[in-house]
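*Asks:* Sequence:
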Amino acid sequence: MSHYKLNVDFSDAALQSIYGAGMKLAIVKTVEGDKGSPVIWVSTLPFENNTIEWEEEYQLYASRQEAMHGATISKLSETAGITNLSFDFKDGIFQNAHSSDAVGENEYGLRNAMNAYSSLTFGLSEAVRVNGELQKGKPINAVSVLYNHQAVMSPIEKVQVFLANDINDGVVHTREFSNAIEVVYEDNDVEKSIRYDESKGIFVPV
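With the numbering used here as the guide, the letters of the sequence shown map in order to residues 78 to 283.
Because the hints were derived from the structure by calculation, they are not lab data. Where hints are given, some of them may not hold.
In silico DMTMM-like cross-links for lysine to aspartate or glutamate, where the CA-CA straight-line distance does not exceed 20 Å [said to hold, decoys possible]: (1) LYS269 <-> GLU125; (2) LYS167 <-> GLU155; (3) LYS82 <-> GLU125; (4) LYS235 <-> GLU259; (5) LYS213 <-> GLU130; (6) LYS82 <-> GLU134; (7) LYS213 <-> GLU234; (8) LYS269 <-> GLU203.
Taking the hints into account, I'd like the entire structure generated from these sequences.
*Replies:* Pasting the structure below:
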């Protein structure tokens with residue numbers, strides 16, 4: 078299981094401007110396949126030197142919250158995700174993990190077998206450590222799945238980092254991130270560093 082790290086640095090002047098504008102440091106992760114909508118994974122007031130850490134370990138969650146912009150995801154059920162397998166979501170729980178031709182390597186599958194509702198919201202969640210504080214099971218995406226339909230999700234170790242007003246973790250965010258930088262972890266990459274360039278209003282690699 079790989080351990081990943083992202084360092085995000087700000088100057089004193091940049092922080093004064095960011096706090097004055099009421100902005101937060103926000104991060105979303107990338108999901109492919111039945112990805113649905115992105116969910117704010119990290120939202121925090123920044124310091125000069127920030128460290129975001131996580132391990133490649135995912136959970137599946139279920140929610141009745143509609144996956145629309147601005148909605149805050151409330152997880153009602155969850156289970157440890159297992160790649161190459163699909164779960165049936167029935168009786169309010171994830172059960173009957175089984176192999177499926179539709180679910181491959183680094184993919185997590187589920188079938189909505191909960192006939193009490195026309196659709197439910199599902200997604201992946203992942204723990205993250207933000208400046209030393211462990212935050213467990215933070216949603217990273219939200220997809221609406223109709224009854225008796227299946228979803229297959231494939232998380233990618235790629236994050237978008239940006240600044241935003243009035244934003245909190247767990248919130249569905251479908252708008253473009255105007256000042257975002259995309260940070261990709263490839264091959265043996267496990268640590269990346271970026272800084273905020275206040276003269277340009279964007280993040281840049283270090």
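*Asks:* Determine for every hint whether it applies to the structure shown.
*Replies:* Results of checking the hints against the structure:
no. : hint              : in the structure
1   : LYS269 <-> GLU125 : holds, 16 Å
2   : LYS167 <-> GLU155 : holds, 12 Å
3   : LYS82 <-> GLU125  : holds, 16 Å
4   : LYS235 <-> GLU259 : holds, 7 Å
5   : LYS213 <-> GLU130 : holds, 12 Å
6   : LYS82 <-> GLU134  : holds, 14 Å
7   : LYS213 <-> GLU234 : holds, 18 Å
8   : LYS269 <-> GLU203 : holds, 19 Å
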